[in-house]
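Asks: For the protein sequence lines, the chains are W and U, in the order given. Numbered per the working numbering, the first sequence finishes at 303, counting up by one with no gaps. Numbered per the working numbering, the second sequence finishes at 254, counting up by one with no gaps.
If you're looking for bench data, these hints aren't it; they were derived computationally from the structure. Heads up, a few of these hints could be off.
Listed below are the simulated EDC-like cross-link pairs for lysine to aspartate or glutamate, each with C-alpha atoms no more than 16 Å apart in a straight line [as the list claims (entries may be wrong)]:
1) K226/U - D73/U
2) K144/W - E72/U
3) K302/W - E50/U
Derived CB-CB ranges, DEER-like [to be verified]:
4) Y300/W - K115/U: 16 to 26 Å
5) R154/U - G184/W: 50 to 60 Å
6) Q272/W - K176/U: 54 to 64 Å
7) A291/W - N114/U: 45 to 55 Å
8) R154/U - L26/W: 36 to 46 Å
Quick look at which bits of chain W chain U covers, simulated, 3 or more residues with Cβ under 8 Å [unchecked claim]:
9) 41 to 55
10) 245 to 251
As the structure is a prediction and not an experimental result, all values here were calculated from the model. All residues carry an ideal CB built from backbone N, CA and C; glycine is no exception.
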Amino acid sequence: MRFAFVLGEIASGMRRNLVMVVSVVLVTFISLTFVGAAGLLQLQIDQMKGYWYDRVQVAVFLCVENSTSESCASGPVTDEQRTAIEAKLKSPELSAYVDTVQYESQDQALVHFREQLANSPIVEAVTAEQLPESFRVGLVDPEKYEVISEAFSSQPGVDIVSDQREYLEEIFGYINIASLVALGIAVVMSVGAILLIATTIRLSAFSRRRETGIMRLVGASKAIIQLPFVLEGVIAAILGAAIASGTLWAVLRYGGQWLSREYPQMGFISTQELLLVVPALFLLGALLAGASSLLTLRRYLKV
Amino acid sequence: MLPSPTPARALAVLRGRRIAMIRFEHVTKVYDQKSKPALDGVSLDVDRGEFLFLVGASGSGKSTFIRLVLKEDRATRGAVYVAGQNVANIPSWRVPKLRRGIGVVFQDFRLLPNKSVFANVAFAMQVIGKSRAVIRETVPEVLKTVGLEGKNNRMPHELSGGEQQRVAIARAIVNKPGILLADEPTGNLDPTTSMGIMKVLDRINQNGTTVVMATHDDDIVNTMRKRVVELRDGSVVRDDAQGIYIGTTTAAAG
Ligand SMILES: Nc1ncnc2c1ncn2[C@@H]1O[C@H](COP(=O)(O)OP(=O)(O)OP(=O)(O)O)[C@@H](O)[C@H]1O
Ligand SMILES: [Mg+2]
């Protein structure tokens, strides 16, 4: 009885206050979408770290005809130099750091280059001679890039030592910024949502002051008097969370699909990651609405 | 001045044989410091089953008395007891329980305009968690008590003022309170209709409910011949067992 009664009160309250309820739904929807986006971007970074840190290699590029670095002053790498470099990479001193060593010839470099830039017109103009041969070194600990860099940067025949991790860190930096921007928008929008919920509950309490006055007089408990108002805010916020979740799902499902097709080797997060984010959104929405309506009622609803 | 309940009554209270339903001990209520008190050292006992008229000019403190019984406000000085309990000692979460034992009726009815007669009365039971079955059984009974059989499904705007007040009374007594407080319940009604309402209140009183009614209606007071307490500027100036409305402050009533 009490349950049915509270449900009835909520329904009539929300009907009377429909415009405000709709705006609460929309504002929580926007704010929670940005909260979710910030969370998903962090998950994306984690995912890429997990995927790429195992695969990143240090590339030791060898001199070609038009290399400009000092160690290439004597021209393209010679056979002896190449043998010396390979021997040094496989030497006992470096074995603690080096996991794998792979040689990539100029022809193989051209094949990889063409694969990576399949749709670009420059591919036609590039020949194998322009691309450097290289040793691809997998490290035991990817953080220890410095060791290889120091050991080889002035080695004769070595043009440049490059760490793929640097590119990744740069990408992560951009994603992090995007995630912070999303979080900033989320915070501002959440403040807006809290204020709007407070106003809505206040109006609702005002428009139903006759009912609540009678409830008080006949001895209804504080909980029964306040519950319909609090739930009104919470339900609106949960609707907002549901729409936000749907939006994030659609973005991941269709946007993610497109991205993975364009950049197959990047390791994008999938709709699975929503399983972590969505419950958090619902919880956050319910908490925001519950807390702000309770605080409002303490001031504006006599019990 | 010392409080002056009759010695017999004071003795009975001391022995704990009879506990007053409502008891005011030197109660003073000051709303704001600048103006004089709304109630000024009021001492009064209302026994179980009594019918009491609270009379006095506008602003003499009648509504304030009622608000203090309900713990809508707190006494500035003195103590208010309801059913033997000092309301100042009731924690806020227990106040609903106090109010379940008290029914209230006002001059302006205070019905919910979008609910039927039945739903208005049922509302008072729903909000304290009574089951649907109990509500379906009790509400028609109470509507019959106040003389509203067959009007269950009317909306408040389809009722006369007297009928609306009957609905309000039904709502006030549906949870079987021990006390019924009525603040000028006939204030908006013509004399004939008012007498009808008084019959209902009298019947409720006959069933054992203590009734306190604040009123300006001299006809009613003079016809009913119940206990009359007159307030003037917040003080009790008259307490007659079977009083009339107008009287000099020293009038002896019979
Ligand atoms: N909430 C309040 N704040 C300040 N003063 C109040 C408040 N309520 C009542 N008063 C003052 O207290 C005094 C007593 O008011 P009360 O309402 O008890 O009178 P009353 O006897 O019920 O009058 P009436 O017959 O007009 O209803 C009045 O002077 C009034 O102005
Ligand atoms: Mg009054």
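Asks: Taking the hints in turn, state whether each one holds.
Replies: Status of the hints after comparison with the structure:
1. K226/U - D73/U: With Cα atoms ~28 Å apart, K226/U and D73/U exceed 16 Å; violated.
2. K144/W - E72/U: Not OK: K144/W and E72/U at ~74 Å, beyond 16 Å, violated.
3. K302/W - E50/U: violated, 31 Å
4. Y300/W - K115/U: 16 to 26 Å: holds, 23 Å
5. R154/U - G184/W: 50 to 60 Å: At 58 Å between Cβs, range holds.
6. Q272/W - K176/U: 54 to 64 Å: holds, 59 Å
7. A291/W - N114/U: 45 to 55 Å: For A291/W and N114/U the Cβ distance comes to about 31 Å; the hint is violated.
8. R154/U - L26/W: 36 to 46 Å: holds, 41 Å
9. 41 to 55: With 0 residues closer than 8 Å to chain U, the region 41 to 55 of chain W misses the three-residue bar; violated.
10. 245 to 251: violated (count 0)
Hints 1, 2, 3, 7, 9 and 10 from the earlier list are contradicted by this structure; the remaining hints agree with it.
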